[in-house]
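For reference, the chains in residue letters:
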Amino acid sequence: MILVIAEQRDGQLNKASWEVVTAAQRLSARIGGAPVKVAVLGAAVTAAAGEMAGAAVAEVLAVEHPALEPYTADGFVGALEPLVASQAPDYVIVAHTYQARDFVPKLAARIDAALITDVVGLAEAEGRPAFTRLVFQGKLAADVLPEGKPPCLVTCQAGAFPADAAARGAAPAPVTTVAATLDPASIRQKPEAPFREARQAVDLSQAARIVAVGRGIREQDKLPMAEELAKLLGAELAASRPICDAGWLPPERQVGSSGQTVAPKLYLALGVSGAIQHAVGMKASKTIVAINKDAEAPIFEVADYGIVGDLFEVVPALIKELQKS
Amino acid sequence: MKIAVCLKQVPSRDWQPRVNEARTWVRDAEATFEMNEPDAYALEEGLRLKERHGGEVVVCSAGPARVSQVVREALARGADRAIHVESDALAAADGAAVAGALADAMGGEAFDLVLTGLQSDDQGLAQVGVALAERLGMPHATIIMEVKVEDGALRVKRELEGGWFQWVAMPLPAVLTIQSGINQLRYATLKGIMAAKKKEIRKVEAAACASRQRIVNLYAPQKTKQTTMIGGSAAEAAAELVKRLRDEARAID
Ligand SMILES: Cc1cc2nc3c(=O)[nH]c(=O)nc-3n(C[C@H](O)[C@H](O)[C@H](O)COP(=O)(O)OP(=O)(O)OC[C@H]3O[C@@H](n4cnc5c(N)ncnc54)[C@H](O)[C@@H]3O)c2cc1C
Ligand SMILES: Nc1ncnc2c1ncn2[C@@H]1O[C@H](COP(=O)(O)O)[C@@H](O)[C@H]1O
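Same order as they appear, the protein sequences are chains R and A. With our numbering, the residue at position 46 of the first sequence is 46, and numbering never jumps. With our numbering, the residue at position 136 of the second sequence is 136, and numbering never jumps.
I should point out that these hints are in silico values taken from the structure, not numbers from a laboratory. Bear in mind that the values here come from a model prediction, so they are computed numbers and not experimental data. Some clues are possibly wrong.
DMTMM-like mimics (lysine to aspartate or glutamate), calculated; alpha carbons at most 25 Å apart, straight line [to be verified]: (1) A/Lys157 x R/Glu124; (2) A/Lys225 x R/Asp10; (3) A/Lys148 x R/Glu197; (4) R/Lys15 x R/Glu69.
Label-pair ranges, simulated between beta-carbon atoms [what the hints assert, rightly or not]: (5) A/Ala110 x R/Glu219: 22 to 30 Å; (6) A/Gly137 x R/Ala179: 21 to 29 Å; (7) R/Arg215 x A/Met194: 27 to 35 Å; (8) R/Glu147 x A/Gln222: 20 to 28 Å; (9) A/Glu56 x R/Pro82: 13 to 21 Å; (10) R/Ala85 x A/Ala29: 25 to 33 Å; (11) A/Gly152 x R/Ala29: 52 to 60 Å; (12) A/Glu30 x R/Arg196: 39 to 47 Å; (13) A/Gly152 x R/Pro172: 47 to 55 Å; (14) A/Ile193 x R/Glu124: 45 to 53 Å; (15) A/Asp253 x R/Arg215: 26 to 34 Å.
The beta-carbon is built from N, C-alpha and C at its ideal position, and this holds for glycine as well.
Chain R on its own, in the form it takes in the complex:
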């Protein structure tokens, strides 16, 4: 059996939950059609569980306990340990969200299970399913086999398995409400309400064009060159996380999973490697140009146009070219 753990907050399902249903269904097809079940955890999750019951799965488990909301790692692991023991799945599949990063490794350590994180695809090795994940900043892919006793825990990268490929059932799957066994006193984290930082001065999501600089720019003193290019293109200046971490540009100019999500007409990436956390924030841009000295940089995987070269040669040449007209 394959157990999917869906993610919800305030009754709202995370779309990535459907992506992991796709992953589970594909894995199931490879191991002789093992049944897929979906667990939804929270204080009151019948509505969210009902939504997941639209998928072609054997059963949806609404795992409820007042202490499961708000989310805490201690609470989730406390509830999941007995659930996994009673359901005895061969695989447990979760979307690689920030929440999964927070509790899945703890669950794996608690039950001494394999955990393969941030998986982007399925492979095969030694006659059983292997899981593909990217290593070395996306420069290499690794097929990984779990070791030890089942279950094998797997987290899937955002977007790796399309949500709309999840097979829907002819009739809704049965929903079973499970009262979680959980001792609220065992929860040591006391979370407060989520909040956003003060309103941002620049709204990159509205920009028609964006010039983004990455660590390839090397020094803060080189930023004016990128600014000049941006000005000639009528573009806003943005950056990868390390540039904002270093304080060279304010955090509001950061693009990516922990920054802004943008979709301009033109996104020109200068010395950005294209790590997944950056790519998720910009890959919906209409036209993407990458200038990078490394022909193997993952950014070329999302780019429409690519120039392999030194940005300190290409950018001045671009500035000159644009000044011509």
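Please build the complex by placing chain A with the ligands on the supplied structure of chain R, with the hints as guidance.
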């Protein structure tokens, strides 16, 4: 406060990884190495907490003899001493084996606070810090952007997705995984480098810990996108790109 900072030595970002013959790991004998980036921020946070609350900062690193490079660097920046879990096998080990070895070496120290990076730049497992918390029996919080110690307890700011944050309170001792950018890094001074030479690096033998996964094939990822690559000199490429952006993509006027 007795603060541990877990540091991993990873191949430099500039190094182009090449796969070994067995396709199970990279040819790291050819690599240059550096401190895993988020770990540098974890170290800085540890040093700042010590400056505010007193105590000591102990660097913990698992890996072959070569990891002493980043350990020395951390001592030069101001860490007080180090524990080096020395083992060649841990260079490419999985999260379960590394967390097990670290927990075994750190367990007896009774740390008040353990800081790790949120993930490693080479394997990117994003699990050692959290697994370590479970093995040490400590509560944890991940992707931390601010740390406050108030009345012997913690209040930390977690980064959530899409620009959201959340404060979480928890008792000490605890494990935190630190996100890059939480602070501004300091660099080693000459005085720090000299002082580091006298600081203790305690070598610990690695406990035998089972791994829970194994790389069976390592390769260059397949390209799926059709990218139009523009060649020529910088001037030629610039002219061609501008032309295509105007006429083909209509992305500029
Ligand atoms: C939970 C989490 C959240 C994150 N959120 C974000 C986020 O929101 N946004 C984000 O950007 N990152 C984020 N990151 C970090 C991300 O994983 C990468 O580390 C980061 O995006 C890398 O930035 P970079 O491409 O600028 O640097 P690097 O990866 O160091 O790449 C630099 C690139 O510049 C190229 N280069 C160097 N010199 C030159 C030159 N002279 N000419 C041309 N090219 C050159 C190199 O070939 C390389 O490809 C997050 C990470 C985590 C774990
Ligand atoms: N070999 C190691 N020695 C010390 N700390 C490590 C080691 N491997 C991982 N860590 C710590 O665990 C964090 C997460 O690593 P990972 O789970 O590999 O992504 C890193 O940022 C380090 O702080």
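Comparing the hints with the structure gives:
no.	hint	verdict
1	A/Lys157 x R/Glu124	violated (40 Å)
2	A/Lys225 x R/Asp10	violated (37 Å)
3	A/Lys148 x R/Glu197	holds (18 Å)
4	R/Lys15 x R/Glu69	holds (19 Å)
5	A/Ala110 x R/Glu219: 22 to 30 Å	violated (43 Å)
6	A/Gly137 x R/Ala179: 21 to 29 Å	holds (27 Å)
7	R/Arg215 x A/Met194: 27 to 35 Å	holds (31 Å)
8	R/Glu147 x A/Gln222: 20 to 28 Å	holds (26 Å)
9	A/Glu56 x R/Pro82: 13 to 21 Å	violated (40 Å)
10	R/Ala85 x A/Ala29: 25 to 33 Å	violated (44 Å)
11	A/Gly152 x R/Ala29: 52 to 60 Å	holds (53 Å)
12	A/Glu30 x R/Arg196: 39 to 47 Å	holds (45 Å)
13	A/Gly152 x R/Pro172: 47 to 55 Å	holds (51 Å)
14	A/Ile193 x R/Glu124: 45 to 53 Å	holds (50 Å)
15	A/Asp253 x R/Arg215: 26 to 34 Å	holds (31 Å)
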